[in-house]
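*Asks:* Each chain is listed here by its residues.
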Amino acid sequence: MLQDLRFEVVQNEFACILGPSGCGKTTTLRILLGLEHDYRGTIQLPGLAQARMAAVFQEPTLLPWRTVEQNVRLAMPEDQRNANLDALFNQLGLTKMRSFYPSELSLGLARRAAIARALAIEPDILLLDEPFVSLDEATAQQLRYLLMTVWSERPTTALMVTHNLQEAIMLSDRVIVLSDRPAHVIGTFDIRLPRQYRNEQVRADLLRSFNEKFAGIRNAP
Amino acid sequence: MGHAATDPERFEQIKQPVAALHRWNSTLMVVLSFGVLLVAWHIGATLWPSRSFPAPLNVLQTFISETASGDLPYHLAITLWRVAASFFLAMTIGSVIGVLLGNHSRADQFFNPWLILFLNVPALVIIVLAYIWFGLNEAAAIGAVAVNKIPNVVVTIREGTRALDPRYAEMAKVYRLGALDRLRHIMLPQLQPYIAAASRSGVALIWKIVLVVELLGRSNGVGFQINLFFQLFDVAAILAYTLAFVAVMLFIELVVVQPLEHTSTRWRRRAA
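Chain order of the listed sequences is A and B.
Convert by adding 56 to the 1-based position in the first sequence; the result is the number in the working numbering.
Convert by adding 94 to the 1-based position in the second sequence; the result is the number in the working numbering.
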């Protein structure tokens, strides 16, 4: 499925893996998360093998039998479970939903809870697997801004998998472009401009220069 | 998005009086149903008076005198303790084996024939063998009952383990949950319906087997008493003991099992 896949992410950088559907983006993340073992190659994670990882899966994967707050606290290391999470919940607009069960949340809110869970553990690496997929565009956009806000307050190395180029250009410092199967890296696209200056005009320019650079591949929307 | 999330609460408020009414109705129905049975029994016993078919009032008199003498509470307590002990033994051992077999398909393939064997050995055979091998003692009695129940628990819990959602296990792995947390927050909530099913059928099966165990090799307990009254041909006493025990089991079901289930499935109902 994957072949000659080689990339790196700098510390506290927000990188995106962009590629066509079914090219193995999710598999790449699963390898990094240690959930997939059938591969050859090496992964180097920052620090020791004990790098703390957090993941936002495609589905929120909250435990339906625990409240939002219990879900978040459960993911935290035991000595930090009593930490104050007011600020995090507040930023993500979840303050009122702390004692709700996941089935009482809309998908957008459940995704927020999943993001809260990932950030609550103060991870060394944050892995996001298409966290905005199957949301309506307005909700997705709102969630992207939210993610940006909470991430910039707790900067950490982040790697997001997506097939949405607009999203990648809006959020990331670097876009890693994958080919179709067997997936390998076609090239990377660095965006040095700070996120807050990326208004619509700038994003359109970035999109154009991205398309010029990767004129050969037309899989991105 | 805000109100969508508060809707369930409002819904719950409307639902509560309706649910209360419904509960009241079903209680009434149970009382009525038992009442009709009692009347039918009384009429039957009056029409065909016989020592082997006592009227409900006779049974009640026997019940009161047996209770007053302290015999009935004593034997009832002994039987209840045996039921409880073999129930917890069977549930614990059966659940552990069930989870292991559900997780390891090779082990499951290997042990499945054993399981089928134990499922089909008659309870009586296990009881007799236990008494022969381990002597006529309490441990043999309780062990024999547990062994009868364990295969059923294994089968149910094995199904439950196979149905565990791997996504939650992966989430637990990524967030490095400890073994105890995995058990408490990931595994047990998913197994809860299977454990409930195994317990329900378990209690019913176990108390019947306990009576046989008592009849064969113990000198106390409801089973022993029933055997004694059988030899004395005292049907009223047999019925008094049986009904007393059934009443206790019903009480446990209503006061312990159902409220417990009510709390442990709270998250499911609020989604309604």
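Hints are computed from structural coordinates only; laboratory data are not their basis.
Please note that the accuracy of each hint is not assured.
[As the list claims (entries may be wrong)] Covered stretches of chain A (chain B as the covering partner; in silico rule of three or more C-beta atoms under 8 Å from a C-beta of chain B): (1) 67-75; (2) 241-255.
[Stated by the list, open to error] Residues of chain B clear of chain A, computed beta-carbon distances all greater than 12 Å: (3) T186; (4) G229; (5) Y262; (6) A266; (7) Y269; (8) L326; (9) R362.
[Unchecked claim] So the derived list for chain A, only partly shown, Cβ under 8 Å to chain B, looks like this: (10) A107; (11) M109; (12) L130; (13) F270.
Quick reminder that beta carbons are idealized off the backbone N, C-alpha and C, glycines included.
*Asks:* Next, verify each hint and record whether it holds.
*Replies:* So, going through the hints one by one against the coordinates:
1. Interface restraint, the segment 67-75 of chain A with chain B: violated (0 residues with C-beta to C-beta distance below 8 Å; minimum three).
2. Here's how the segment 241-255 of chain A fares: 0 of its residues keep a CB closer than 8 Å to some CB of chain B, so the rule of at least three is not met and the hint is violated.
3. The claim that T186 of chain B lies off the interface holds: its Cβ sits roughly 22 Å from the closest Cβ of chain A, which is beyond the 12 Å cut-off.
4. Against chain A, the non-interface label of G229 of chain B holds: every CB pair exceeds 12 Å, the least being about 45 Å.
5. The claim that Y262 of chain B is not at the interface with chain A is violated, since a C-beta of that chain comes within 12 Å of its own (minimum 6 Å).
6. Not every CB of chain A lies more than 12 Å from the CB of A266 of chain B, the least distance being 9 Å, so the non-interface label is violated.
7. Distance check on Y269 of chain B: its Cβ comes as close as 4 Å (rounded) to a Cβ of chain A, failing to clear the 12 Å threshold; non-interface status is violated.
8. With a closest Cβ-Cβ approach of about 53 Å to chain A, L326 of chain B is found to remain outside the 12 Å limit, as its non-interface label requires.
9. Residue placement check: R362 of chain B does not keep its beta carbon more than 12 Å from all beta carbons of chain A (closest about 8 Å).
10. Of the supplied interface hints, the one on A107 of chain A is violated, with its beta-carbon coming no nearer than about 11 Å to a beta-carbon of chain B, more than 8 Å.
11. Among the interface hints, the one on M109 of chain A holds; its C-beta lies about 6 Å from the nearest C-beta in chain B, closer than the 8 Å criterion.
12. Against a cut-off of 8 Å between C-beta atoms, the interface hint on L130 of chain A holds, since the closest Cβ of chain B lies about 6 Å away.
13. A cut of 8 Å between beta carbons decides the hint on F270 of chain A: the least distance to chain B is about 32 Å, and the hint is violated.
The structure shown violates the earlier hints numbered 1, 2, 5, 6, 7, 9, 10, 13.
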